[in-house]
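Participant: Read off the chains here:
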Amino acid sequence: MNAPHPNRIEARFRVARENFTLDVDLHLPDRGITALFGPSGCGKTTLLRAIAGLERVPGGRLAVSGERWQDADTFIPPHRRALGYVFQETSLFPHLSVRRNLEYGMKRVPENERTLHWDEVIDWLGLAPLIRQQPHQLSGGQRQRVAIGRALLSSPRLLLMDEPLAALDASARAEILPYLDQLHQRLAIPVLYVSHAVEEVARLADHLLCLEAGRVAWQGEAADGLARLGAATEHSAHVVAHEDGWTVLEIEGQTLRLPCVDAKPGDALRLRIERSA
Amino acid sequence: MMLSPGDWQAVVLTLELAAIVTLILFVLGTPIAWWLARTHSKWKAPIGAVVALPLVLPPSVLGFYLLLTMGPNGWVGQFTNAIGIGLLPFTFWGLVVASVFYSLPFMVQPLQTAFESLGERTLEAAATLRASPLDRFFSVAAPIALPGFMTAGILSFAHTVGEFGVVLMIGGNIPGETRVASVQIFDHVEALQYGEAHDLAAVLLVFSFLVLLLLYTWRPKALRL
Amino acid sequence: MIRFRPFLFAALMLLSGHAAAEKFTIAAAADLKFAMDEIIARYKQDHPADMPQVIYGSSGKFHTQIQHNAPYDLYFSADIAYPRQLEQAGFAASPVRPYALGRIVLWSASIDASKLTLASLSAPAIRRVAIANPRHAPYGKRAEEALRASGLWAKVEPKLVYGENIAHAAQFVQTGNAQIGIIALALALNPVLSRQGGYWLIPDTLHEPLEQGFIVTRRARDNAAAHRFADYMGSAAARAVMAKYGFVLPGEAGKTR
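Protein chains in written order, with the working numbering: chain H, 1 to 277; chain B, 1001 to 1225; chain L, 2001 to 2257.
These aren't lab readings, by the way, just hints derived from the structure by calculation.
Remember, predicted model here, so these are calculated numbers, not experimental data.
Quick reminder that beta carbons are idealized off the backbone N, C-alpha and C, glycines included.
A couple of the hints might just be wrong.
What the hints assert, rightly or not - To give an idea of the interface, some chain B residues facing chain H are shown, with a C-beta separation under 7 angstroms as derived from the structure:
{"#": "1", "residue": "1123"}
{"#": "2", "residue": "1124"}
{"#": "3", "residue": "1127"}
{"#": "4", "residue": "1128"}
{"#": "5", "residue": "1131"}
{"#": "6", "residue": "1143"}
Stated by the list, open to error - Covered by chain B, according to a simulated footprint, are these stretches of chain L (three or more residues, beta-carbon under 8 angstroms):
{"#": "7", "region": "2030-2042"}
{"#": "8", "region": "2048-2062"}
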């Protein structure tokens, strides 16, 4: 077996599921934000869970920055992997205050192994006003910020984010995105960011990995990928109604308003999205 | 209301029994409940059914089997004899063993419900924050399930206090050893000592009411067994 | 199952329009368990239309229950004092009739008790001795009296375990949880228990007589079948069964083997 590459995340997993088979052999850079992009049910979350060790995939291999986390005869359990994981839905401990939530992972890492420090994380994520509160007092966006802070304070060498904004409404997303931008600029560790939202990928990702039906469809620099992505993304929608000169479309369960489109309510449309320049 | 020394002895014995049984059940019932709440094993249904058996079995059935298995010809009896602690029927520890079986579902079921409602996500989050399985249990699962522990403890304690049939079958009615309050009341009634029976019965009635009042006041949903 | 068949039989007779069938319920002391089953079986042969039903338990409990209008038509008590109290309180529809003198024995399922005496109970090898609860079971009272009279009470009392009634005490011995018990001769002579161990008859000079008596209860005063059964207890057939199970019969002073 080859020695793992010191500056790469190497992952090989094959998982058979009812509706798809995840079959990937990845070599990802161990810096910057890599977006795992693809439609729901293409295996993004399964891949992320396998990397975290939350899903034990027999026969899988995984090495992060030269450290073997899983191979034929090794399986490091999740709590011994230096990773941070941000879940789609809130995962704060309801019985602990925001402060105790933030401290939870930090306390479990020896002081001399901590790479990210309390003050910086609190500052980057604007958590200072929330620290004395209880999780149930927070808004959805605030909760996700705390969850990100909590993951960072455990000084991970790899941050895994599973659609962290998907459960939030538009205004909460708008509130949290600037913080993620900040992280992007300051974090030295690699981030795997699962998303099916092009806007997030466009704004945050350095690298892009497109998954389709459990297989890698494309991988490379995000800028190149988005151009392809733009050409490739087509959505079917249908007209819901016309309101005050706007046309309301329903697109994959979401509502989209466009300046008046020439179509009748109920008509099916095809939307094509391209990145400009 | 005055209780005779014999009645007091029975009350104290009953409370001792219930306290010890509840402590043992916490240690024994927690892993069982945890396993039942989280496993996908094909054994989940059979084991769950065995744990729930005392809910439907008449105490006399349990008492009868315990008397046979813990007796000198039963395998438990031969084991306890072999390791030098003698036979369990007619002893306080025999009652403890019987009560642990009898009250097991009252410990396991509330705990299982509490553990089931924990949610996989919370525990996974703790795992990704460097908490080992045991650490996760004590720092996350147990505190969140604390109300379940309270309910389970109170129900197990109260149910042991109210036990009668099994004790009658294997206790042998020995003062200070196996003559618990419920048996003492039965004896008073049989001996036509209604006054004494009333006094002791009132003590148990008030006690049971207070326990349930506490439970219902503090957790109105607790008794949805 | 055993007692179900006569029921079925009687029910069929009812359906076929046979009018004379009458039900009655017997509450009998636990020591009568085997003797009474046999007597009822014989009675049924002579009176196929009658439907007796029997419940065994402790005499004291039945005594309490009858005072609270329990649906028993005949009451057989191991202590004649109970039916006498009921008669005085107006709960009886017949005079109290003595039906037997009970005897107590040492019995064991694991050792040959016929070679023992009461003094053997103080041996260290005997760890548990089962008796019926003396507070409310007549056989338990007599057991206590015999132990006191022979000066063994202080030594044996720490070994005692108390059954709810005499059958319960016998069950403690039969399962081996008590090495020995003081039970009714009638139980020791029954087909199941007599196959195990053996018994030693405790001299009746050591305790008050276990005079046993029965009454027809007030609720059965118009129940012809109940009275018919009461009379049957005096018949030669019934007396033969009683004698077979070790009961000394009224008018036949103290000749037991």
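Participant: Next step is simple, just say for each hint if it's right about the structure.
Facilitator: Against the structure, the hints come out as follows:
Interface restraint check: residue 1123 of chain B against chain H, minimum CB-CB distance 9 angstroms, threshold 7 angstroms, status violated. Checking residue 1124 of chain B against chain H: minimum C-beta separation of about 5 angstroms stays under 7 angstroms; hint holds. Below 7 angstroms, beta-carbon pairs count as interface contacts, and residue 1127 of chain B has one with chain H at about 4 angstroms; its hint therefore holds. For the restraint placing residue 1128 of chain B at the interface with chain H, the shortest Cβ-Cβ distance is roughly 4 angstroms, inside the 7 angstroms limit, so the hint holds.
The beta carbon of residue 1131 of chain B comes within 6 angstroms of a beta carbon in chain H, closer than 7 angstroms, and the hint placing it at the interface holds. For residue 1143 of chain B, the suggested interface contact is upheld, since its CB lies about 5 angstroms from the closest CB of chain H, less than 7 angstroms. Note: the region 2030-2042 of chain L has 0 residues with beta-carbon separation from chain B under 8 angstroms; the three-residue rule is not met and the coverage is violated. Given as covered by chain B, the region 2048-2062 of chain L passes the check, having 3 residues with a CB less than 8 angstroms from a CB of that chain where 3 are the minimum.
Hint check: violations occur at hints 1 and 7; the rest are consistent with the structure.
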